[in-house]
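Protein chains in written order, with the working numbering: chain A, 1 to 283; chain B, 284 to 622.
These are computed hints drawn from the structure, not numbers from a lab.
Just to be clear, a hint being listed does not mean it is correct.
Pairs of lysine to any residue residues, derived as SDA-like cross-links and limited to a Cα-Cα distance of at most 20 Å, are as follows [claimed, not checked]:
(1) K96/A / F84/A
(2) K587/B / S138/A
(3) K549/B / E9/A
(4) K570/B / G60/A
(5) K570/B / S117/A
(6) K549/B / S117/A
(7) K564/B / T616/B
(8) K96/A / E9/A
(9) K549/B / L241/A
(10) K570/B / L62/A
(11) K564/B / P14/A
(12) K615/B / P476/B
(13) K570/B / R12/A
(14) K549/B / Y249/A
(15) K587/B / Y561/B
(16) K570/B / I116/A
(17) K570/B / A110/A
(18) K549/B / V252/A
(19) K615/B / P538/B
(20) K549/B / W3/A
(21) K549/B / G60/A
(22) K161/A / L151/A
(23) K549/B / K91/A
(24) K570/B / V238/A
(25) K91/A / I103/A
(26) K549/B / L250/A
(27) K549/B / F6/A
(28) K549/B / A43/A
(29) K587/B / P14/A
(30) K323/B / I507/B
(31) K549/B / R12/A
(32) K587/B / P574/B
(33) K2/A / Y561/B
(34) K549/B / F11/A
(35) K549/B / I103/A
(36) K549/B / I21/A
Next come the chains, spelled out residue by residue.
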Amino acid sequence: MKWLEFLVEPFRYPFMLRGLIASVLTGIVSATVGTYVVLRGMAFFGSALAHSILPGVAVGYLLTGGAKGPLFWWGTGTAIAAAFGIGAISKGAEVKEDTAISIIFSGMFALGIAIISTVQSYTVDLTHFLFGDVLGVSSQQVWLIAGFGILIVFLVLAFYKEFLVLTFDPVLATTLRIPKTFFEYLQLVLIALTIAVSLQTVGVALMVAMLVTPAASAYLLTRRLPVMMALGAAMASVSGLVGLYLSYYLNVASGPAIVLTATAFFGLSWGIRSLRGRAARLE
Amino acid sequence: MDRKRNGYFVPLIFLLILFCLSACAPAGTSTRADVDGKLKAVATTTFVGDVVSRVGGEHISLTVLLPYGANPHSFQPSPQDVAAVNRSDVIFANGVGLEVFLEDLIENAGGDAEVVHVSEGIDLRSFPSQTDDGHDHEEGEDKAHDDAAEQENGGSDDHDHDPGEADPHVWFDPTNVMVWVDNIQETLTRIDPANEDRYQENAQTYRAQLEDLDSWIRDQVTQIPEDNRYIVTDHTVFGYFAEEYGFQQVGAVIPSPTTEAQPSGKHLAELSDTIREYAVKAIFVGKDFDPSLSQRIAEDTGVKLVQLYFGSLTEDDGPAGTYIEFMRYNVKTIVEALR
């Protein structure tokens with residue numbers, strides 16, 4: 001009975017409930033898309049994309065005079081544009097992929113900060129985009145996250161086979177005449193959308209943790225793709241829940257609490273894996 | 284083919300970035316023409332700038348570092364600011380740890396300007412105290428608010444507090460700004476004795492205006508029923524104001540004197556409870572700060588979200604163009620919200 005109270009108590013408050021729904025939803029979506037990010041070694045790309053959103057949000061902010069609603073769309077548009085830009089450059093430029101990504105994302109990020117620094121009238125500061133705050137999510141934003149989340153997960157499932165072949169056997173993809181470029185860019189767009197949607201929960205700085213950590217933890221425990229996705233999504237959702245409890249009972253900010261819980265899950269998965277490995281060797 | 288096209292794409296992006304950068308170059312600073320050897324003064328916040336210009340009048344050439352609307356907690360100086368500091372004779376700062384950027388700035392700029400903390404000599408409140416205030420209130424519910432404020436004020440010997448823990452938002456109380464006027468007058472007279480009489484005259488005129496403001500505020504506050512005199516804000520700015528005019532600052536969305544912090548779930552839950560418990564009528568937020576957290580709490584608890592000016596004056600023709608207009612605007616809005 002006491003335990004039940006302990007568990008229910010934080011969610012008497014509407015903002016905690018909205019935060020829970022938002023973080024569980026973004027957790028599921030991020031982990032699903034994040035599985036491909038981990039498998040294809042695109043973690044750095046994800047991090048870069050999150051940072052590249054800043055100038056778009058800043059320009060949107062200047063043009064709309066500070067209205068909060070349109071900022072989401074500016075962020076989403078910039079994320080998609082940056083995904084295409086980084087995709088094109090890392091394919092075409094004469095430098096290594098990580099170099100190309102670094103140049104674009106730090107340039108975009110600097111541009112964002114430069115634009116923000118010129119805003120001199122009475123302004124809402126944009127630093128909350130860097131850190132986000134899941135406790136400040138409005139019910140409208142929860143619906144937005146839910147809508148895009150369903151779309152993203154639907155696309156991942158609908159093109160499950162194509163993405164699978166593309167990830168594990170590019171040669172087979174060519175033989176099967178799968179439009180490789182189309183699906184590669186679709187994947188980039190899905191990552192971009194996921195980032196734009198999840199930004200409110202943890203912000204630019206911690207976004208890549210949502211994308212990578214739960215998926216990587218799942219990767220340590222299984223090699224079967226559907227199981228990996230489900231396990232990652234489960235760990236991400238539980239991280240959201242536990243993170244909010246920690247934020248409530250230990251009095252810490254919510255975003256870092258969620259990310260630290262996800263990190264703890266990764267440590268746990270690592271431990272289980274090495275125990276399993278030892279057991280296998282003993283047999 | 285593919286490669287060739289992308290070969291143009293990359294330089295194009297750089298050009299675009301350069302173009303954007305040049306397009307958003309700052310449109311000039313507030314540096315005023317420096318003519319015929321006037322005393323060159325720099326002020327940090329727009330409040331300090333306004334008061335310095337009241338006392339100095341046309342006898343000084345003044346540069347204000349913080350642009351209108353900038354949040355003093357997160358301000359970063361530009362190269363022009365560094366140059367202005369380097370050329371100046373005297374720098375007037377709010378002090379009490381508000382200008383985090385100042386020490387580095389002065390070190391970088393060099394020059395031999397004297398730094399004057401205009402808040403020197405004010406009875407500083409220590410921080411944090413919003414939760415304590417709440418408990419105090421529970422214990423002494425029947426205590427008249429004005430009495431409580433008086434007692435706290437009279438009995439305060441907070442001078443030996445660590446300045447890092449002191450509340451820097453001294454400008455919300457005009458009696459503190461009178462101390463600023465004294466400090467500014469004293470400094471200007473010392474550096475530029477030739478204009479002593481002018482400074483004296485200006486300071487006296489302005490002090491009289493501040494006294495008018497003070498009694499006007501006391502008069503306005505009487506319109507608010509005593510049971511409504513509870514203040515909740517986005518970050519704790521109203522400590523001095525509450526003490527002086529008999530309010531209780533019962534909570535803040537960000538439990539910190541700076542806007543650069545994130546609240547925990549626990550804290551927001553307690554704040555919601557406090558708002559219900561005290562039947563707080565409004566949450567006051569600064570216009571220079573993202574209101575979304577405060578807005579959620581206001582929606583959840585069913586109270587008003589009211590915007591005020593906190594960290595900066597507005598442009599000259601705005602509703603808070605001078606310090607006195609700033610206080611009048613805020614007090615009027617508070618009275619309307621709590622009445």
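Here is what the structure says about each hint:
Straight-line distance between C-alpha atoms of K96/A and F84/A comes to about 17 Å, which keeps the hinted pair within the 20 Å bound. Between the alpha carbons of K587/B and S138/A the distance comes to roughly 16 Å, so the proposed pair stays at or under 20 Å and holds. For the hint linking K549/B to E9/A, the alpha-carbon distance of about 11 Å falls within 20 Å, and the restraint holds. With a C-alpha separation of about 18 Å, the suggested pairing of K570/B with G60/A holds against the 20 Å cut-off.
Restraint check for K570/B and S117/A: the C-alpha separation of about 17 Å stays at or below 20 Å, so the hint holds. Between K549/B and S117/A, the direct Cα distance comes to roughly 33 Å. Violation of the 20 Å bound is thereby established for this hinted pair. A C-alpha spacing of about 13 Å is found between K564/B and T616/B, which places the hinted pair at or below 20 Å, so the restraint holds. Between K96/A and E9/A the CA atoms are separated by roughly 52 Å; this puts the pair beyond 20 Å, and the hint is violated.
At most 20 Å may separate the alpha-carbon atoms for a hinted pair to count; K549/B and L241/A meet this at roughly 14 Å. A distance of roughly 16 Å separates the Cα atoms of K570/B and L62/A; the hinted pair therefore holds under the 20 Å criterion. Distance check on the hinted pair: K564/B and P14/A sit about 19 Å apart at the alpha-carbon level, within 20 Å; holds. The straight-line distance between the Cα atoms of K615/B and P476/B is roughly 40 Å, outside the 20 Å bound, and the hint therefore fails.
Annotation: proposed proximity of K570/B to R12/A is violated, straight-line Cα distance about 30 Å (limit 20 Å). Restraint check: the Cα-Cα separation between K549/B and Y249/A comes to about 6 Å, which is no more than 20 Å; the hinted pair holds. Between K587/B and Y561/B the CA atoms are separated by roughly 14 Å; this keeps the pair inside 20 Å, and the hint holds. This hinted pair checks out: K570/B and I116/A have alpha carbons roughly 16 Å apart, not beyond 20 Å.
Under the criterion of a C-alpha separation no larger than 20 Å, the hint pairing K570/B with A110/A is inconsistent with the structure, at around 25 Å. Simply put, K549/B and V252/A have alpha-carbon atoms about 8 Å apart, close enough for the 20 Å limit, and the pair holds. For the hint pairing K615/B with P538/B, the CA-to-CA distance comes to about 25 Å; that exceeds 20 Å, so the pair is violated. In summary, the hint linking K549/B to W3/A is supported, as the alpha carbons are separated by about 18 Å, within the 20 Å threshold.
With a C-alpha separation of about 33 Å, the suggested pair K549/B and G60/A falls outside the 20 Å cut-off, and the hint is violated. Under the criterion of a C-alpha separation no larger than 20 Å, the hint pairing K161/A with L151/A is consistent with the structure, at around 17 Å. For the proposed pair K549/B and K91/A, the alpha carbon gap of about 48 Å is over 20 Å, so the pair is violated. At most 20 Å may separate the alpha-carbon atoms for a hinted pair to count; K570/B and V238/A exceed this at roughly 37 Å.
This hinted pair checks out: K91/A and I103/A have alpha carbons roughly 14 Å apart, not beyond 20 Å. Only pairs whose Cα atoms come within 20 Å are accepted, and K549/B paired with L250/A is accepted, the gap being roughly 8 Å. Pair hint K549/B plus F6/A holds up; C-alpha atoms about 13 Å apart against a cutoff of 20 Å. This hinted pair does not check out: K549/B and A43/A have alpha carbons roughly 33 Å apart, beyond 20 Å.
Under the criterion of a C-alpha separation no larger than 20 Å, the hint pairing K587/B with P14/A is consistent with the structure, at around 17 Å. At roughly 44 Å between alpha-carbon atoms, K323/B and I507/B are farther apart than 20 Å, so this suggested pair is violated. Under the criterion of a C-alpha separation no larger than 20 Å, the hint pairing K549/B with R12/A is consistent with the structure, at around 12 Å. For the proposed pair K587/B and P574/B, the alpha carbon gap of about 12 Å is at most 20 Å, so the pair holds.
With a C-alpha separation of about 28 Å, the suggested pairing of K2/A with Y561/B is violated against the 20 Å cut-off. A hinted pair counts as satisfied when its Cα atoms are at most 20 Å apart, and K549/B with F11/A qualifies at roughly 11 Å. Restraint check for K549/B and I103/A: not satisfied, since their Cα atoms lie roughly 40 Å apart, outside the 20 Å limit. Using a Cα cut-off of 20 Å, the hinted pair K549/B and I21/A holds, with the two alpha carbons roughly 17 Å apart.
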